[in-house]
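Visitor: From just these sequences and the hints, can you work out the full model?
This is what each chain is made of:
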Amino acid sequence: MPVVASFILFALPQYFFIASSFHENLGYGRIGEAWTLANYHRLFTDRFYIGALVKTVGLSAASTIVCLIIGFPVAYMLARMGTRSKAALSGLLVAAMFVTPVVKDLGLIIILSQSGIVNQTLELLGIITGPIQWLGAEIGVLIGLVHYMLPLIVLLLATVIATVPRSLEDAAHAHGASRARVYYGVIVPIVRPGIIAAALMVFNLAMGAFTTPALLGGGRVLTFAILIQRSVILDVDYPFAASLSSVLLVTVFLLNVLAGFLMVRQAQVRRGRPKRTAPPTSLDPAVPAGATAAVGT
Amino acid sequence: MRTDIIRRRIAYSILLAAYAFLISPLIVVAAASLDTGSTFAARFPPLTVGLRWYLEIPGKYWQALSVSLTAAAIASVISGALGVMAALGIVRGKVPGTELLRAFFRIPLQIPLVVTGVVFLQFYYGFQTLVGLELAATLPGLIIAYVFVGTPYTVGTVAALLERLSPRLDEAAAILGCSRWQTFWLVTFPIIRPSLIAGMLYAFVVAFGDVPLSIFLSSPSYTTLPVEIFQTLQFDFNPTVLAVSTLVAVMSVISLWMIQRLVGLDMVPR
Chain X
1 MPVVASFILF ALPQYFFIAS SFHENLGYGR IGEAWTLANY HRLFTDRFYI GALVKTVGLS
61 AASTIVCLII GFPVAYMLAR MGTRSKAALS GLLVAAMFVT PVVKDLGLII ILSQSGIVNQ
121 TLELLGIITG PIQWLGAEIG VLIGLVHYML PLIVLLLATV IATVPRSLED AAHAHGASRA
181 RVYYGVIVPI VRPGIIAAAL MVFNLAMGAF TTPALLGGGR VLTFAILIQR SVILDVDYPF
241 AASLSSVLLV TVFLLNVLAG FLMVRQAQVR RGRPKRTAPP TSLDPAVPAG ATAAVGT
Chain P
1 MRTDIIRRRI AYSILLAAYA FLISPLIVVA AASLDTGSTF AARFPPLTVG LRWYLEIPGK
61 YWQALSVSLT AAAIASVISG ALGVMAALGI VRGKVPGTEL LRAFFRIPLQ IPLVVTGVVF
121 LQFYYGFQTL VGLELAATLP GLIIAYVFVG TPYTVGTVAA LLERLSPRLD EAAAILGCSR
181 WQTFWLVTFP IIRPSLIAGM LYAFVVAFGD VPLSIFLSSP SYTTLPVEIF QTLQFDFNPT
241 VLAVSTLVAV MSVISLWMIQ RLVGLDMVPR
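Chains X and P supply the protein sequences, listed in that same order. Taking this note's numbering, I'd label the letters of the first sequence as residues 1 to 297. Taking this note's numbering, I'd label the letters of the second sequence as residues 1 to 270.
Just so you know, these hints were derived from the structure itself, not from any lab. This list has only true hints and no planted wrong ones.
From the structure, some residues in chain P lie toward chain X, with a derived Cβ separation under 7 Å:
{"#": "1", "residue": "11"}
{"#": "2", "residue": "18"}
{"#": "3", "residue": "25"}
{"#": "4", "residue": "28"}
{"#": "5", "residue": "44"}
{"#": "6", "residue": "112"}
{"#": "7", "residue": "115"}
{"#": "8", "residue": "122"}
{"#": "9", "residue": "212"}
{"#": "10", "residue": "226"}
{"#": "11", "residue": "245"}
{"#": "12", "residue": "248"}
{"#": "13", "residue": "249"}
{"#": "14", "residue": "256"}
All residues carry an ideal CB built from backbone N, CA and C; glycine is no exception.
Guide: The following block contains the structure:
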């Protein structure tokens, strides 16, 4: 019974919402009776919306990659630390994650503003002559997204890396492997499924992020989440907001399926090669539901 | 060996830089909130130091803070109760398709919060025309939406612990003469309590810090603190927002620290 009840509570509103994307908007929040594909036609023929989708995917992918590049070494050090400093440092990460995004974005706005410390420092060092316009541009949103997702990806990667026994690294060292070879030849292949799972989680989070692009983009970087909010608040066009939402959901879903497909393919290719052992896919960190970004957007 | 030292230095500077990047916005906000001179823009580093903006925090922020705290607290308690029931059902229940059920409870996490917000707003309007009860921009409306996004966390944390728990504990309690109800309160509940609190904490934090969901479910006269701050930043900057933000950040960190002390939270979300 409770299952059925919660199912209705969860699923029915979603259904009505998505269904409304197939109806015409009559203004003032009223929705036409007849079924139509007009909303999707408008979305896919207008270059503005296609561009916004590409921009959203691009920003999410770029911020995920930056997060991985910064996050992996940090997570590695965290995983190989003594218990006490590890507890303190991961505590700091959780604290950073738990402060509401609006407050963190406010701090980033101050830092990145025209006369903020970043511009001042760069000018002082003679790297730039005039202030860089960080805010209201893609670069500002990218920095904001990285800031928003970095604690999560470090925590996720650290849990995965901690499952790799140190003795494996020592063995590789003893056999004369260089430091870089130990990284890319031993650790990365073992934790690859975990890295991909963490990256996907962070990517999905970025695709739906609202607060950070809205504040750091200053209304000039229009991601899909912002367009959805605008079409409801400014245009009161629920059907169109619904079609934007379903396109966003489907895009995220397809990209995840694609990533999963590539992962399986790669594992098969690897297994086909007899000389190298297959990566133990069982080391998937079993990234838990609870971890999806403890801080909503 | 020299290269080793250099390598270690590089490693530590990466670590330091990453943490500086993560923490600096909070420090900047706190420092700028102490500057008494700035009125049109935040000034960092501050030139004068005083608590002027803390004393001048307008009433709308306090009101929004109480809305946020009430809604998030009630929602996290409800999420906790639902989470325990759902987790018990998923792990202990003998119904088929528990994997599906589990995936089902993760759905809210997969939907961007903006989408959830629009869905709830439209749902509330529909509900109002059908039943005549207004839910948009009310406390119950916010709570229902927060429970929706918070329950996956409590289900996740509690189920993760229940899975590692031996069913023999229950059998032992039964042999010793406990009723099922007693078994739950005397055996199961004390064991799952830390993970339940952790899940409820996540649910609370998500609700308390949320903008994209609450922005649809609030009105200018009834709004949550993050939405109020968000609107201030978008439309009319005012230095008191720095003071409010600092208070929120300090509160979050202190409560996290206290709960960690109380239940020894596993710091990594699970």
